[in-house]
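Peer 1: Listed here are the chains, written in short residue letters.
Protein chains: 2
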Amino acid sequence: MEILSRINGPEDVKKLNQEERTALAVDIRAAVLNKVSKNGGHVGPNLGTVELTIAFHYVFDSPTDKIVWDVSHQSYPHKILTGRKSAFLEEDTFSTVSGYTSQDESQHDFFKIGHTSTSISLAVGLAKGRDLKQEKGNVAALIGDGSLSGGLAFEALNNAAELGSNLIVIVNDNEMSIDENFGGLYRTLAELRETQGQSENNLFKSLGLDYRYIEEGNDVESMIAAFEAVKDIDHPIVLHVHTEKGHGYDHAVADKGLYHWRPPFDLESGEGLNSSNQQSYSGVVVEHLMAEIAAGNTKLAAINAAIPGMFDLPQLKEKHPAHYFDVGIAEAHSVSFAAGLAKNGIRPVLFHSSYFLPRAYDQLSHDLAVNQLPAVIIVGNGHVNESDITHQGIFDIPMINSIPNIKYLAPTNKEELLAMVKWALVQTEGPVAIRLPAGEVISKDTAFLDYSQARYDIQKAGEKVAILALGSYLSLGKEVYQRLTDQLDISPTLINPLFITDLDKNCLEGLKQEHSLVITLEDGSLTGGFGETIAAFYGDSAMKVLNFGATKEFTDNVPMEELAERYRLTPEAIVAEVKKHI
Amino acid sequence: MEILSRINGPEDVKKLNQEERTALAVDIRAAVLNKVSKNGGHVGPNLGTVELTIAFHYVFDSPTDKIVWDVSHQSYPHKILTGRKSAFLEEDTFSTVSGYTSQDESQHDFFKIGHTSTSISLAVGLAKGRDLKQEKGNVAALIGDGSLSGGLAFEALNNAAELGSNLIVIVNDNEMSIDENFGGLYRTLAELRETQGQSENNLFKSLGLDYRYIEEGNDVESMIAAFEAVKDIDHPIVLHVHTEKGHGYDHAVADKGLYHWRPPFDLESGEGLNSSNQQSYSGVVVEHLMAEIAAGNTKLAAINAAIPGMFDLPQLKEKHPAHYFDVGIAEAHSVSFAAGLAKNGIRPVLFHSSYFLPRAYDQLSHDLAVNQLPAVIIVGNGHVNESDITHQGIFDIPMINSIPNIKYLAPTNKEELLAMVKWALVQTEGPVAIRLPAGEVISKDTAFLDYSQARYDIQKAGEKVAILALGSYLSLGKEVYQRLTDQLDISPTLINPLFITDLDKNCLEGLKQEHSLVITLEDGSLTGGFGETIAAFYGDSAMKVLNFGATKEFTDNVPMEELAERYRLTPEAIVAEVKKHI
Numbered sequence: 001m002e003i004l005s006r007i008n009g010p011e012d013v014k015k016l017n018q019e020e021r022t023a024l025a026v027d028i029r030a031a032v033l034n035k036v037s038k039n040g041g042h043v044g045p046n047l048g049t050v051e052l053t054i055a056f057h058y059v060f061d062s063p064t065d066k067i068v069w070d071v072s073h074q075s076y077p078h079k080i081l082t083g084r085k086s087a088f089l090e091e092d093t094f095s096t097v098s099g100y101t102s103q104d105e106s107q108h109d110f111f112k113i114g115h116t117s118t119s120i121s122l123a124v125g126l127a128k129g130r131d132l133k134q135e136k137g138n139v140a141a142l143i144g145d146g147s148l149s150g151g152l153a154f155e156a157l158n159n160a161a162e163l164g165s166n167l168i169v170i171v172n173d174n175e176m177s178i179d180e181n182f183g184g185l186y187r188t189l190a191e192l193r194e195t196q197g198q199s200e201n202n203l204f205k206s207l208g209l210d211y212r213y214i215e216e217g218n219d220v221e222s223m224i225a226a227f228e229a230v231k232d233i234d235h236p237i238v239l240h241v242h243t244e245k246g247h248g249y250d251h252a253v254a255d256k257g258l259y260h261w262r263p264p265f266d267l268e269s270g271e272g273l274n275s276s277n278q279q280s281y282s283g284v285v286v287e288h289l290m291a292e293i294a295a296g297n298t299k300l301a302a303i304n305a306a307i308p309g310m311f312d313l314p315q316l317k318e319k320h321p322a323h324y325f326d327v328g329i330a331e332a333h334s335v336s337f338a339a340g341l342a343k344n345g346i347r348p349v350l351f352h353s354s355y356f357l358p359r360a361y362d363q364l365s366h367d368l369a370v371n372q373l374p375a376v377i378i379v380g381n382g383h384v385n386e387s388d389i390t391h392q393g394i395f396d397i398p399m400i401n402s403i404p405n406i407k408y409l410a411p412t413n414k415e416e417l418l419a420m421v422k423w424a425l426v427q428t429e430g431p432v433a434i435r436l437p438a439g440e441v442i443s444k445d446t447a448f449l450d451y452s453q454a455r456y457d458i459q460k461a462g463e464k465v466a467i468l469a470l471g472s473y474l475s476l477g478k479e480v481y482q483r484l485t486d487q488l489d490i491s492p493t494l495i496n497p498l499f500i501t502d503l504d505k506n507c508l509e510g511l512k513q514e515h516s517l518v519i520t521l522e523d524g525s526l527t528g529g530f531g532e533t534i535a536a537f538y539g540d541s542a543m544k545v546l547n548f549g550a551t552k553e554f555t556d557n558v559p560m561e562e563l564a565e566r567y568r569l570t571p572e573a574i575v576a577e578v579k580k581h582i
Numbered sequence: 001m002e003i004l005s006r007i008n009g010p011e012d013v014k015k016l017n018q019e020e021r022t023a024l025a026v027d028i029r030a031a032v033l034n035k036v037s038k039n040g041g042h043v044g045p046n047l048g049t050v051e052l053t054i055a056f057h058y059v060f061d062s063p064t065d066k067i068v069w070d071v072s073h074q075s076y077p078h079k080i081l082t083g084r085k086s087a088f089l090e091e092d093t094f095s096t097v098s099g100y101t102s103q104d105e106s107q108h109d110f111f112k113i114g115h116t117s118t119s120i121s122l123a124v125g126l127a128k129g130r131d132l133k134q135e136k137g138n139v140a141a142l143i144g145d146g147s148l149s150g151g152l153a154f155e156a157l158n159n160a161a162e163l164g165s166n167l168i169v170i171v172n173d174n175e176m177s178i179d180e181n182f183g184g185l186y187r188t189l190a191e192l193r194e195t196q197g198q199s200e201n202n203l204f205k206s207l208g209l210d211y212r213y214i215e216e217g218n219d220v221e222s223m224i225a226a227f228e229a230v231k232d233i234d235h236p237i238v239l240h241v242h243t244e245k246g247h248g249y250d251h252a253v254a255d256k257g258l259y260h261w262r263p264p265f266d267l268e269s270g271e272g273l274n275s276s277n278q279q280s281y282s283g284v285v286v287e288h289l290m291a292e293i294a295a296g297n298t299k300l301a302a303i304n305a306a307i308p309g310m311f312d313l314p315q316l317k318e319k320h321p322a323h324y325f326d327v328g329i330a331e332a333h334s335v336s337f338a339a340g341l342a343k344n345g346i347r348p349v350l351f352h353s354s355y356f357l358p359r360a361y362d363q364l365s366h367d368l369a370v371n372q373l374p375a376v377i378i379v380g381n382g383h384v385n386e387s388d389i390t391h392q393g394i395f396d397i398p399m400i401n402s403i404p405n406i407k408y409l410a411p412t413n414k415e416e417l418l419a420m421v422k423w424a425l426v427q428t429e430g431p432v433a434i435r436l437p438a439g440e441v442i443s444k445d446t447a448f449l450d451y452s453q454a455r456y457d458i459q460k461a462g463e464k465v466a467i468l469a470l471g472s473y474l475s476l477g478k479e480v481y482q483r484l485t486d487q488l489d490i491s492p493t494l495i496n497p498l499f500i501t502d503l504d505k506n507c508l509e510g511l512k513q514e515h516s517l518v519i520t521l522e523d524g525s526l527t528g529g530f531g532e533t534i535a536a537f538y539g540d541s542a543m544k545v546l547n548f549g550a551t552k553e554f555t556d557n558v559p560m561e562e563l564a565e566r567y568r569l570t571p572e573a574i575v576a577e578v579k580k581h582i
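Those sequence lines, one after another, are chains A and B.
Counting in UniProt numbering, the first sequence runs from 1 upward without gaps.
Counting in UniProt numbering, the second sequence runs from 1 upward without gaps.
Hints listed in this document are in silico derivations from the structure and should not be mistaken for laboratory results.
Possibly wrong hints are sitting among the right ones.
All copies of an identical chain are treated as equivalent in the list; a pair is satisfied when it fits inside any one copy or across any two copies.
[Unchecked claim] Restricting the straight-line Cα-Cα distance to at most 30 angstroms, the calculated cross-link-like pairs of lysine-lysine (DSBU-like) are:
#1 Lys579 - Lys544
#2 Lys14 - Lys444
#3 Lys14 - Lys231
#4 Lys136 - Lys317
#5 Lys579 - Lys478
#6 Lys317 - Lys133
#7 Lys464 - Lys580
#8 Lys317 - Lys422
#9 Lys299 - Lys133
#10 Lys136 - Lys319
#11 Lys422 - Lys552
#12 Lys505 - Lys552
#13 Lys15 - Lys136
#14 Lys136 - Lys299
#15 Lys319 - Lys133
#16 Lys464 - Lys544
#17 Lys299 - Lys231
#18 Lys505 - Lys136
#19 Lys422 - Lys133
#20 Lys552 - Lys512
#21 Lys460 - Lys414
#22 Lys580 - Lys505
#23 Lys133 - Lys231
#24 Lys512 - Lys580
#25 Lys14 - Lys136
Every value quoted in this text rests on a predicted model; they were computed, and no experiment measured them.
Same shape as in the complex, but just chain A:
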């Protein structure tokens, strides 16, 4: 770390000679690996961009010259060079920087970014802003080949071609998305690599953009030459840079998928430190689909957008490849594609994450819901979390709740999940979304078989207070039930609603007789969610309603304990509120 110890900002990079720049790459790689091996994080993406990041800060003058990192999961070397190296070297300061760029951390970052394919649009905006203000400076976007399949990147390239001023789009081509790339584009990108950029089929030129190919993306001097050649260029240009994902760490090169993002691992052996073989709720769904296909149901399609590992899909991919579809990073297409399949007699099962599903909002509405097509949408990661601001799992409920014709279900255990999936695979009313419960897989004996009409599961029939505890928060509801019973000597009603979007009006009406207070618990953002609809239902009655869930806000790496306290999502806090109202 001798060289890195001298680097406190981009200006220090400019002082290095060639030998020192080479040594700096070694130090940065070691710093990245130090943190991700102990803390978990994006491994391969950051190892692949070490050299081009050094070259960028050697050639350009940040922040006058600006770079926008797509997803920004490959920005660790940039962070290390821009005053944040201690967060990679010293374990007790790991948490002082996030896993993505943040303007709160550094003047060298311009946006909080965590979703793909936005960088070129943002850079075109920065560049046009520069032009309108008649200022100078370079604007660059760095985007991975995997992110290029997202339609927004295409919209932005098409617009970038009309900019008429400086813009440098660095396509970081490491031949990988999170998993393998998918799409015709990747055949022609390979042709470009094989021909050193000379192949006729060139996406960028076909959009009217200037283009250059750089083969040695993991060589600092090559990248310096490439950047110097385009610095202060007077029009948009695409630099197609060939890099290696995981470069310089053999384990990461050998298994690029595993090392895209990895929990803590042993640096020497590459063994995971917290390995777990527990079954997951997505695994429950995937195993059922595999059993269906194996039993002869050939009219099934399992679809995801570049994150098969998040949903235990690799096993299905391997055993039933004809029924497996990774559309690449193209959430919008995944949903419209599913609409086409459903219209032609295939039952699509989409796997999406709560925080990426919004990328297909209009397709959920316009293609699936308007047309009442019976697709199944498995929603993962839908819960209050302590993750990054761009990866909050609380907005799926209000989002889906706002769209007609989609039924959104909230199982609380393995059997309910399976029963809902089985029903969703045969019903013909329209799209059905199912929210995977958070936490470990739990079992119970029975589940309703039919979800065509809303029917809440009344687990304890009581009086005075009714607890509607949705999805994973059923366990919280049970704790509240127990405390009310023990402490207040009342026998409340405990309900597992099962249905997020559909009201069991019979049940809700019935509660009016023996209850004066309904409390709702949901593992999501309250505004526009489940509880508010319940409150509105009781608006014209004497029933009081208290909604518990997350405040409508973006949180950024806030510990769960703090969130639970902030949102009054502890049994103590809930019981204290109940006491005020009975």
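Given the coordinates of chain A, assemble chain B onto it according to the supplied hints.
Peer 2: Just chain B now, kept in the frame of chain A:
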């Protein structure tokens, strides 16, 4: 109409000889013009596709062979040939078919479609469904050059290239979007037209797709030859077809923008029949922006996605072209581009329609809201309407309401709108959306100047009943107020909330003292909207709350009177409900 009189389905098209096919084109064109001139509708798009539609049904066997029409605003000739000609010929049956494809109307339509850029994804789904079922048949998508700029079309082309079986993508290149095209793609499409498809820069080939160019897209025999050459092809192919928007009707050819969609007009002279020079609310905003720019504020950018005419933007485009941005059909890019501008010191003002804004949901959240960037979003067409199912204006409130950090304002007249725009242009907290009122422009004397803190406008301070009448429904609220005063002899409180997303908690708390009932009126879908949040606010109190607005449902060309009755949105119905609860 001699030939058309013999055509009752695609099978009849196949019986025609060349001369008759030529005559059929004349008849179809006359039928289209008959309806759109009397009824309003898409003119140019349908006149341009007459010949290729005849050729399609001559060569292919619908519905075994399937065609998906992008946006489907060019599907009138297809409707005329598939059993629905009377709805174009006879005025009393005009309303029996919608302006878009509909599987409810015909087995030759597969989806309800009204948004752009979805057709290729849907067709890939249909094709893959065919393959999984081991069936035969051709699947085609027809997409205009304008719609190609939408990212979803790119995602779909990229996926289509990997299909490995029959798919025919017809690119209907009429050199126009709704307005002029924008983007580098359109330069290279022009090169392809000029070189009869031989130019090196070819988007489709750059995605690994087979490609053919057909110059004479308005010649039936050329199109028959082109379709016969690809019928039953064993892999995906793009047919790049050059057509003329408005072909065969001189007025429409001469002004392609005006005739994209036109209200009723005189067929002979081309004069509009219901021309109006009334000021619109979007005009109020645009005129203010023009005045700002003229006064030296060069840090403004007015942005829209291919629908400048809907927002009175052509005047700004003409006078201040440096501050005008039509990004093409690329709603997602428009928002991320605005985020980049805002970050670099420019104040972007986005103009979007309630029903297209969902196409940028994740960009609103991830790029603008997470980063708290002070963009201004003007939302048009946000109201209950009697339009098509894909053009409902009621979901913008729940959608924006679900996203943190966006302030959504609801002016009720010109002065409030202007005051909000002026404030939004200088505030620095984050994105501000403003919902244009429905109906004619009305004026009042004053408006609040500052919208940083939620403050409701209490127009009448009374007791017992408080009416919170949002946006355009303030007039409905006034009627309810008057009836309650006259009929029930009570003095209710009448409030213009102004803020959709932010609660004026002081005001709401204060109402508890003298009121027992709050009624909310909103011109949008209730679920997840303004009223439900108010109901939740009062959930723990004795206040009763009644929400009036649209039911969460898709409606399709339902008359306003029927909707008003269905949703109890008449003064009579509201007062009747109030009577039950006081």
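Peer 1: If a hint holds in the structure, say so; if it doesn't, say that too.
Peer 2: For each hint, the structure was consulted:
1. For a Cα distance limit of 30 angstroms, the shortest separation of Lys579 from Lys544 qualifies both inside one copy, at 13 angstroms, and across copies, at 21 angstroms.
2. Proximity of Lys14 and Lys444 under a CA criterion of 30 angstroms is satisfied in neither setting, with 63 angstroms inside one chain copy and 62 angstroms between copies.
3. In this assembly of identical chains, Lys14 and Lys231 lie within 30 angstroms of each other by CA distance solely inside one copy; the values are 15 angstroms within and 61 angstroms between copies.
4. Within a single copy, Lys136 and Lys317 get their C-alpha atoms only as close as 50 angstroms, which misses the 30 angstroms cut-off; across copies the closest is 25 angstroms, which meets it.
5. For the identical chains of this complex, Lys579 and Lys478 are intra-copy neighbours only, at 17 angstroms inside a copy versus 40 angstroms across copies, given an alpha-carbon limit of 30 angstroms.
6. Within a single copy, Lys317 and Lys133 get their C-alpha atoms only as close as 51 angstroms, which misses the 30 angstroms cut-off; across copies the closest is 19 angstroms, which meets it.
7. In this assembly of identical chains, the alpha carbons of Lys464 and Lys580 lie at most 30 angstroms apart whether taken from the same copy (13 angstroms) or from different copies (25 angstroms).
8. For the homomeric pair Lys317 and Lys422, the shortest alpha-carbon distance inside one copy (20 angstroms) is at most 30 angstroms, but the shortest distance between copies (55 angstroms) is not.
9. In this assembly of identical chains, Lys299 and Lys133 lie within 30 angstroms of each other by CA distance solely across copies; the values are 7 angstroms between and 57 angstroms within a copy.
10. For the homomeric pair Lys136 and Lys319, the shortest alpha-carbon distance between copies (26 angstroms) is at most 30 angstroms, but the shortest distance inside one copy (55 angstroms) is not.
11. Taking CA atoms no more than 30 angstroms apart as the test, Lys422 paired with Lys552 passes between copies only; the shortest distance there is 27 angstroms, against 33 angstroms inside one copy.
12. When the C-alpha separation of Lys505 and Lys552 is checked against a cutoff of 30 angstroms, the pair qualifies both within a copy, at 27 angstroms, and between copies, at 16 angstroms.
13. Taking identical chains as interchangeable, the C-alpha atoms of Lys15 and Lys136 lie at most 30 angstroms apart only when both belong to the same chain, with a minimum of 24 angstroms there against 67 angstroms between chains.
14. In this assembly of identical chains, Lys136 and Lys299 lie within 30 angstroms of each other by CA distance solely across copies; the values are 16 angstroms between and 57 angstroms within a copy.
15. In this homomeric assembly, Lys319 and Lys133 come within 30 angstroms of each other (Cα to Cα) only across copies, at 19 angstroms, whereas the closest approach inside a single copy is 57 angstroms.
16. Taking the shortest Cα distances, Lys464 and Lys544 sit within 30 angstroms of each other both inside one copy (11 angstroms) and across copies (19 angstroms).
17. Proximity of Lys299 and Lys231 under a CA criterion of 30 angstroms is satisfied inter-copy only: 26 angstroms between copies versus 54 angstroms inside one chain copy.
18. Taking identical chains as interchangeable, the C-alpha atoms of Lys505 and Lys136 are never at most 30 angstroms apart, the minima being 63 angstroms within one chain and 47 angstroms between chains.
19. Proximity of Lys422 and Lys133 under a CA criterion of 30 angstroms is satisfied inter-copy only: 21 angstroms between copies versus 59 angstroms inside one chain copy.
20. In this assembly of identical chains, Lys552 and Lys512 lie within 30 angstroms of each other by CA distance both inside one copy and across copies; the values are 29 angstroms within and 24 angstroms between.
21. For a Cα distance limit of 30 angstroms, the shortest separation of Lys460 from Lys414 inside one copy, 20 angstroms, qualifies, whereas the shortest one across copies, 55 angstroms, does not.
22. Taking the closest pair of Cα atoms, Lys580 and Lys505 come within 30 angstroms of each other both inside a single copy (27 angstroms) and across two copies (20 angstroms).
23. In this assembly of identical chains, the alpha carbons of Lys133 and Lys231 lie at most 30 angstroms apart only when taken from the same copy (20 angstroms versus 54 angstroms across copies).
24. In this assembly of identical chains, the alpha carbons of Lys512 and Lys580 lie at most 30 angstroms apart whether taken from the same copy (19 angstroms) or from different copies (18 angstroms).
25. In this assembly of identical chains, Lys14 and Lys136 lie within 30 angstroms of each other by CA distance solely inside one copy; the values are 20 angstroms within and 63 angstroms between copies.
Hints 2, 18 from the earlier list are contradicted by this structure; the remaining hints agree with it.
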